[in-house]
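Listed below are the residues making up each chain.
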Amino acid sequence: MALTEEQLLTLEKRAKSIRETIVQMLVAAGSGHTAGSLGMADIFAAFYFHILNHDPKWPEWEERDRLVLSNGHICPVLYATMAHAGYFPIEECLSLRKFGSRLQGHPDRLVLPGVETTSGPLGEGLSQAAGIAYAFRMDDKMWDIGSPTSDVGLPISKHGRRIYCVMSDGEQEEGSTWEAAMFIGKNKLSNLTAIIDRNNIQIGGMTEDIMPLEPLADKYRAFNWHVLEVDGHNITEFIQAIDEAKTIDEKPTLIIAHTIPGKGVPEIENDYHWHGKVPTDEEGERFLKEIRHD
Amino acid sequence: MINPDARMSAKVFADDIEKAPMRDGFGSGAVEAGKADSRVVVLCADVSESTRAEQFQKEFPDRFVEMGVAEQNMAGVAAGMAAAGKIPFIASYAVFSPGRNYEHIRTTIALNQMSVKICGMHAGVSVGPDGATHQMLEDIGMMRMLPNMTVIAPCDAEEARKAIVAAATTDGPIYIRFGRAVTPTFTTSETPFEIGKALLLWDSPVGGGTLKIAILSTGSLGYTALCAARTLAEEGIECVVLHVPTVKPLDTEAVLDVAKRAGRVVTIEEHQVAGGFGSAITEFLSEQYPVPIHRLGIQDQFGQSGQPDELLAHYGLDVLHIADAIRAFIHI
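If you read the protein sequences in the order shown, they are chains A and B.
Each residue of the first sequence is one higher than the last, beginning at 1 in the numbering used here.
Each residue of the second sequence is one higher than the last, beginning at 1001 in the numbering used here.
Don't read these hints as lab results, they were simulated from the structure.
Backbone N, C-alpha and C define an ideal beta-carbon position, used for all residues, glycine too.
Errors might be hidden in some of the hints.
Claimed, not checked - Far from chain B, some chain A residues (derived; all Cβ distances over 12 Å):
1) S70
2) T117
3) G125
4) E214
5) H258
6) K277
Claimed, not checked - Simulated pairs of lysine to any residue, SDA-like, Cα-Cα distance not exceeding 20 Å:
7) A:K186 to B:V1047
8) A:K186 to B:P1147
9) B:K1248 to B:P1205
10) A:K186 to B:E1283
11) A:K289 to A:H258
12) A:K186 to B:F1064
13) B:K1035 to A:D139
14) A:K277 to A:K13
15) B:K1019 to B:A1181
16) A:K186 to B:A1181
17) A:K251 to A:K277
18) A:K13 to A:G276
19) A:K251 to B:E1066
20) A:K186 to B:D1046
21) A:K219 to A:H84
22) B:K1248 to B:P1147
23) A:K186 to B:K1035
24) A:K186 to B:R1063
25) A:K98 to A:K251
26) A:K186 to B:P1004
27) A:K186 to B:K1019
28) A:K246 to A:L52
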């Protein structure tokens, strides 16, 4: 559904608050991943405050949409967004990476309700999302008899729970990502939408220097995916892409979201050194000012 | 003497004992489990004929998932299906699953605590002519190190069937190991099987200083251990054979009991002696009841091509060599 001007402003405000929380929690943690977390704040705000069919007070609700975060290292954005959405108190964000915390350095589904999969090692989320999507489609068959079927004999359904998988661009270098992409393409899992955070950086440098990924969209198209490219900081555009994906029955959809790593803090934007580094107390104060000023 | 409580085949030592590859038990067990519970699904990496997954595929085409030659994705997809309420069995050759996809199993299944049943086929040197690349000898070690993981190595097709059926009704990640060769089906539908329980195959009426050795085996060499015990008993060497299908969690009570009775233990497995079943027994007994232990298995080397029987003989894992090794060990 299209956004009203007011909804857009609210979402943008949410994203700003999420960025502030991310900086605060990373300063408190003393380690973690800053650039990707800040870069994905707009998309996570869109997910948890507009797109997902979910209930923060009932994380186990069977009919919820599933969001699988494959690149678990950007969990500060997941945690901050979940906290703002009401899954747990925002103050708990300051326990990130601390002993005994539910906010583990990489997400652990067993300790934090609302986290769908334990993740961190790259190249695994898309497979798990595929398994959920495949299983749901098997179940949907029970009440969806009579709908058109795909080449593999499974029903094509635009109803029911949707599965989203957020990946990094760096993890496109993992071979298993492509095993999953092939499987999803073969089975036309149109209830699954994948998002690649195309921020062009990875821990050791720029993706195109470390291991070139382009032409990324063409690669997925060749694997039988419907591919869309959006500005990952344009919430309206992102939500339009998500809505378009829901109308595509014959293919899974990939949204390549072009983002700026470190978005909101101009002094670190697009600098890969901030992939796996956190602000000091002083830097944190400065970053917060920059985010609030933006 | 044969332990009557083991309810083994009447033809246990007969020449015409029935023989079958252990994977036949996977095929029939999966169908049985699938009939009992509609949540059971089978995923297979392009080896449905040789793993016998095709039996499930024929019976439940909608619940069979062809993964192609992609074992890493197979592990992750299974974890996702388990998260969505299914009970997935994933079948491939052990060297690829859990070999190739170890870290995927570690993160998405074991750490994630997903109820996926990993069925590793063609483990051990008795894979035969395919040679070293396809003879998985490290899987028990890899899997038993993982927290949350149960590890089962059945001894024949019938026990494999029971292990599959039991796995389907047991929550949590489980690894089940299968050999490739055609071996005697010496257990029966009456033979007790329970995950976590060992089974006395051969018992001795005597104890004290007369019982010389406790032979502990897992997996495909259970029958060989039994035959070795009979050979030794005919020479007056009293022994017991404890078959330990569940390597993790160990049936510590049964292991402790035979170790105390015999005071000397030999372990037998078609696996590296480092990290495998013998290691598990040694770790346990060295802390609880130290006795002399001799581990028979693959001695820190890779396999090679050959017929199953000649390979087992070469690596000292046939009846002749096992009996020799035990004779030498009890005279130390």
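Results for each hint:
1. Not every Cβ of chain B is farther than 12 Å from the Cβ of S70 (chain A); the closest lies at roughly 10 Å, contradicting the non-interface assignment.
2. A cut-off of 12 Å between C-beta atoms contradicts the statement that T117 (chain A) is not in contact with chain B; the least separation is 6 Å.
3. Here G125 (chain A) does not stay apart from chain B, with its beta-carbon only about 8 Å from theirs, under the 12 Å limit.
4. Look at E214 (chain A): its CB is around 23 Å from the nearest CB on chain B, clear of 12 Å, so calling it non-interface holds up.
5. For H258 (chain A), the non-interface assignment is confirmed: its Cβ lies about 27 Å from the closest Cβ of chain B, beyond the 12 Å cut-off.
6. Consistency note on K277 (chain A): stated as away from chain B, and its beta-carbon is indeed over 12 Å from all of that chain's, at 24 Å minimum.
7. Taken as a hint, the K186 (chain A) and V1047 (chain B) pair is honoured in the structure, with Cα atoms around 18 Å apart against an allowance of 20 Å.
8. Restraint check for K186 (chain A) and P1147 (chain B): not satisfied, since their Cα atoms lie roughly 34 Å apart, outside the 20 Å limit.
9. Between K1248 (chain B) and P1205 (chain B), the direct Cα distance comes to roughly 29 Å. Violation of the 20 Å bound is thereby established for this hinted pair.
10. Pair hint K186 (chain A) plus E1283 (chain B) does not hold up; C-alpha atoms about 47 Å apart against a cutoff of 20 Å.
11. Of the pairs offered as hints, the one joining K289 (chain A) and H258 (chain A) is violated, with about 25 Å between alpha carbons and a cut-off of 20 Å exceeded.
12. Pair hint K186 (chain A) plus F1064 (chain B) holds up; C-alpha atoms about 15 Å apart against a cutoff of 20 Å.
13. Straight-line distance between C-alpha atoms of K1035 (chain B) and D139 (chain A) comes to about 17 Å, which keeps the hinted pair within the 20 Å bound.
14. A C-alpha spacing of about 25 Å is found between K277 (chain A) and K13 (chain A), which places the hinted pair above 20 Å, so the restraint is violated.
15. Restraint check for K1019 (chain B) and A1181 (chain B): the C-alpha separation of about 10 Å stays at or below 20 Å, so the hint holds.
16. Taking the CA atoms of K186 (chain A) and A1181 (chain B), the gap is about 34 Å. The hint is violated against a cut of 20 Å.
17. The suggested pairing of K251 (chain A) with K277 (chain A) is violated, with an alpha-carbon distance near 38 Å, which exceeds 20 Å.
18. As the CA atoms of K13 (chain A) and G276 (chain A) are separated by approximately 26 Å, the hinted pair breaks the 20 Å bound.
19. Our distance criterion of 20 Å between C-alpha atoms is met by K251 (chain A) and E1066 (chain B), whose separation comes to about 18 Å.
20. Between K186 (chain A) and D1046 (chain B) the CA atoms are separated by roughly 15 Å; this keeps the pair inside 20 Å, and the hint holds.
21. Between K219 (chain A) and H84 (chain A) the CA atoms are separated by roughly 36 Å; this puts the pair beyond 20 Å, and the hint is violated.
22. At most 20 Å may separate the alpha-carbon atoms for a hinted pair to count; K1248 (chain B) and P1147 (chain B) meet this at roughly 10 Å.
23. With a CA separation close to 28 Å, the supplied pair K186 (chain A) and K1035 (chain B) exceeds the 20 Å bound.
24. Distance restraint check for K186 (chain A) and R1063 (chain B): the Cα-Cα separation of roughly 16 Å lies within the 20 Å cut-off, and the hinted pair is therefore satisfied.
25. Distance restraint check for K98 (chain A) and K251 (chain A): the Cα-Cα separation of roughly 42 Å exceeds the 20 Å cut-off, and the hinted pair is therefore not satisfied.
26. This hinted pair does not check out: K186 (chain A) and P1004 (chain B) have alpha carbons roughly 53 Å apart, beyond 20 Å.
27. Proximity of K186 (chain A) to K1019 (chain B) is assessed by CA-CA distance (about 39 Å); at most 20 Å being required, the pair is judged violated.
28. Distance hint between K246 (chain A) and L52 (chain A) is fulfilled; the C-alpha atoms sit about 12 Å from each other, no more than 20 Å.
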